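Residue 680 is where the sequence shown ends in numbering that gives the first Met the number 0, and the numbering goes up by one at each step.
Calculated from the structure, these hints are not laboratory results.
Bear in mind that the values here come from a model prediction, so they are computed numbers and not experimental data.
Keep in mind that a hint or two might mislead.
[As the list claims (entries may be wrong)] Restraint-style ranges between C-beta atoms, simulated for each label pair: (1) S632 to E576: 24 to 30 Å; (2) N424 to A250: 31 to 37 Å; (3) E477 to N424: 33 to 39 Å; (4) A250 to N444: 26 to 32 Å; (5) L306 to Y608: 52 to 58 Å; (6) V264 to K463: 48 to 54 Å; (7) I210 to K508: 55 to 61 Å; (8) N225 to E576: 51 to 57 Å; (9) N225 to P479: 41 to 47 Å; (10) D509 to K597: 33 to 39 Å; (11) V264 to L306: 21 to 27 Å; (12) T445 to K412: 27 to 33 Å; (13) E477 to S632: 52 to 58 Å.
[As the list claims (entries may be wrong)] With a cut-off of at most 30 Å between alpha-carbon atoms, the simulated BS3-like pairs for lysine-lysine come out as follows: (14) K625 to K615; (15) K450 to K664; (16) K664 to K650; (17) K519 to K447; (18) K674 to K625; (19) K383 to K515; (20) K597 to K650; (21) K515 to K447; (22) K387 to K447; (23) K597 to K615; (24) K515 to K499; (25) K447 to K508; (26) K651 to K664; (27) K383 to K519; (28) K573 to K447; (29) K605 to K447; (30) K573 to K499; (31) K601 to K590; (32) K654 to K605; (33) K450 to K463; (34) K516 to K447; (35) K515 to K450; (36) K284 to K87; (37) K605 to K650; (38) K605 to K573; (39) K615 to K601; (40) K413 to K387.
Yeah, the Cβ is synthetic: ideal placement off N, Cα and C, and Gly gets one too.
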Amino acid sequence: MGFIFVFPFFLFYLFTLHPVVSVGDSGELITAAYTLGIAHPPGYPLWTILGKIFTVIIPFGNIAYRVNLMSAFFGALTCGVVYLILQKMGDGRRETGDGKPFTFYLLPFTAVLCLVFSKTFWSQAIISEVYTLNAFFVVLIIYLLLTTYHLPLTAFIYGLSLANHYIMFLFGPVFAFYVIWKKPEIFSIKNILSLSAFFIPGLFLYFYLPIRSSVNPPIDWGNPENLKNFIAHIGRFQYKGLEMAAKVGFATKLLFVRDFFSQLVENFGLFTVLSVFGLVSLIKKDFKFAMLTILIFLANTFGLIILLNFKFTPQDIDAFTPYYIPAWIMVVLWAGYKIIEWRNVRFFLPIVFVVLAFYVYQNSKSGLPRYNFVAYDYPVNMLKTVEKNNTLYLHEEVDETIFTLSYLKNVLKKRQDITIVDSYNNIFLSKNIDGKSRVYYSAVNTAKINKPLYLNGLLWTEQKGTNKNILDFYVVRELPKKYEYREQEVIARYSYFYGKFLIDSGNIKDGIFELKKSLKAGPELIWLYNNVGDILRQQKDYESALHSLSHAISLDSSYSAAYYNLGLLYSEKKNDEQAIEYFQKAYRYDKTDEDSLKRISKIYQKKGYENFVGGKTEDAIAEYKKAIEYTPSSADIYYNIGVIYSQLQNKKEAKNYFQKYIQLKPGGTNAETIKKWLANN
0 MGFIFVFPFF
10 LFYLFTLHPV
20 VSVGDSGELI
30 TAAYTLGIAH
40 PPGYPLWTIL
50 GKIFTVIIPF
60 GNIAYRVNLM
70 SAFFGALTCG
80 VVYLILQKMG
90 DGRRETGDGK
100 PFTFYLLPFT
110 AVLCLVFSKT
120 FWSQAIISEV
130 YTLNAFFVVL
140 IIYLLLTTYH
150 LPLTAFIYGL
160 SLANHYIMFL
170 FGPVFAFYVI
180 WKKPEIFSIK
190 NILSLSAFFI
200 PGLFLYFYLP
210 IRSSVNPPID
220 WGNPENLKNF
230 IAHIGRFQYK
240 GLEMAAKVGF
250 ATKLLFVRDF
260 FSQLVENFGL
270 FTVLSVFGLV
280 SLIKKDFKFA
290 MLTILIFLAN
300 TFGLIILLNF
310 KFTPQDIDAF
320 TPYYIPAWIM
330 VVLWAGYKII
340 EWRNVRFFLP
350 IVFVVLAFYV
360 YQNSKSGLPR
370 YNFVAYDYPV
380 NMLKTVEKNN
390 TLYLHEEVDE
400 TIFTLSYLKN
410 VLKKRQDITI
420 VDSYNNIFLS
430 KNIDGKSRVY
440 YSAVNTAKIN
450 KPLYLNGLLW
460 TEQKGTNKNI
470 LDFYVVRELP
480 KKYEYREQEV
490 IARYSYFYGK
500 FLIDSGNIKD
510 GIFELKKSLK
520 AGPELIWLYN
530 NVGDILRQQK
540 DYESALHSLS
550 HAISLDSSYS
560 AAYYNLGLLY
570 SEKKNDEQAI
580 EYFQKAYRYD
590 KTDEDSLKRI
600 SKIYQKKGYE
610 NFVGGKTEDA
620 IAEYKKAIEY
630 TPSSADIYYN
640 IGVIYSQLQN
650 KKEAKNYFQK
660 YIQLKPGGTN
670 AETIKKWLAN
680 N
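When you get a sec, could you build the whole thing from the sequences and use the hints?
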């Protein structure tokens, strides 16, 4: 009966489905599915194969739309299984004679709508992502444990689920504990071996990775065709520095806990309170099943937060949020159980529908996703900028450009005349700039490119371009009324690059207006607030620059570039102590930032010179010695200290510092003079 309701769930997701590629991993995953390639670690082989099937069996729509349909399909199936679980949880009402068809069938349906319309689950059910398939496996295993208790089938499905998403590892111990707790007699070597025989075949899907990698598909992330690369890929070794090994503190984890509950309320509102009462009732009725749901909830929240050491930044929060979906399904089960318990249905049910209608309204205020072409239009506009037979170099770019370009080039076969080079070498593999074609650079930070570059629309070139108003030159369809984090990454760039172009062209007033407009479009973009802050600093608008750079740091307290730019700001304002403090912080968070050390050293050298001119020789020496701490290989500092000591008739110290100068700079302009002095002293 429950699967009758799958159809309306699916129709709802179909009506709001993204029409094309979306922001995030969508472009990369669609490309991997269509070409049977290798997606980012751990590879998602099951999702990739299923995605390919959907591109073949769906006879309409573009390739992205077909794969989006897969998420809608498994999203609807997940809701259908949740409905069946709630029906099973409400069996007691049928047994007591209170299970009228209206009560028995409609109340679970009403409860499931909490999940259908929840912001995060809805967002994942209408784009190409792995999370609705993962949610389907979670609820399917729970349903099997609650009803048929078919352990061999459950073991096989669990093994299969691990070929989709690695967080399913968190639930293995929980499922095993529940099974043994409910039926202790099955805990034996024989049964473990028997269940392993069903569990392991599901993992065989990972052999898809080396098999497909060996034929070099268009997207071959990590090249897992040999044992070393294969283990590294499924073990997500590439991300160790970003999550598992990036040891964040306990305070950061508490921020994630706080954010989880904040998002919980945002997704379910009043139903969050209802879930607490539902959990209490469930504990009284079926303690063991209640504990299963509690342990899944805890593993998927606190357990996940402890294991994955993400920084608490908008980008990481956005990446982390869909991981919580299994925990939120437990909340729906608890709230749903309380709804099923209601006796005065006619009183409460209208209230529930009013609340649900409010959440649908709230979650759709940004506009229907079915009209959202943001992620598609931006890479199309990038490609329009590149002239025929040239190169597009993606310098430390984000998913919203790299992944969507992969979809355009490898799936839709657009602009086969150009070469795309990815500085990360993950998507567009083993290609170098040939030196013959004109190179267009896509970057928000060009400092590391070490070349004089000029804006040309959304891209940079080594030659000055005409650069028309990019909003006239490009296709920018209707934008959402409210931008999600990853959409900000795309939308804000239009105003940012146009504003930067205007300033470079001498139109400061209009340029700053466009830059400030970009900040409104990207309120959570750290790089944007840093870059705009630095531009405002260069325009001597220190107050606005300070506000912008401070906001960047509020979004990521370890963002080195913002500290560096604040150091420059305070240097220009002649506030040496503040400048030193921020340069020190810049280096603390980026140990490769030698320029910050040089800046600090120059400040101390300036202080040393000022003290020397003012006759404060001891203070001058002290300041110069501080400078040496930051740039110990700077020969001129040793020379200056040597000069001061020689004037103080401290020949011993003067000799030491002059010798150090000769050692570091034997061909320096002062070398011969020093050698003569050393010979005479």
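Check: Which numbered hints does this structure break?
Finding: Hints that this structure does not satisfy do not exist here, as all of them hold.
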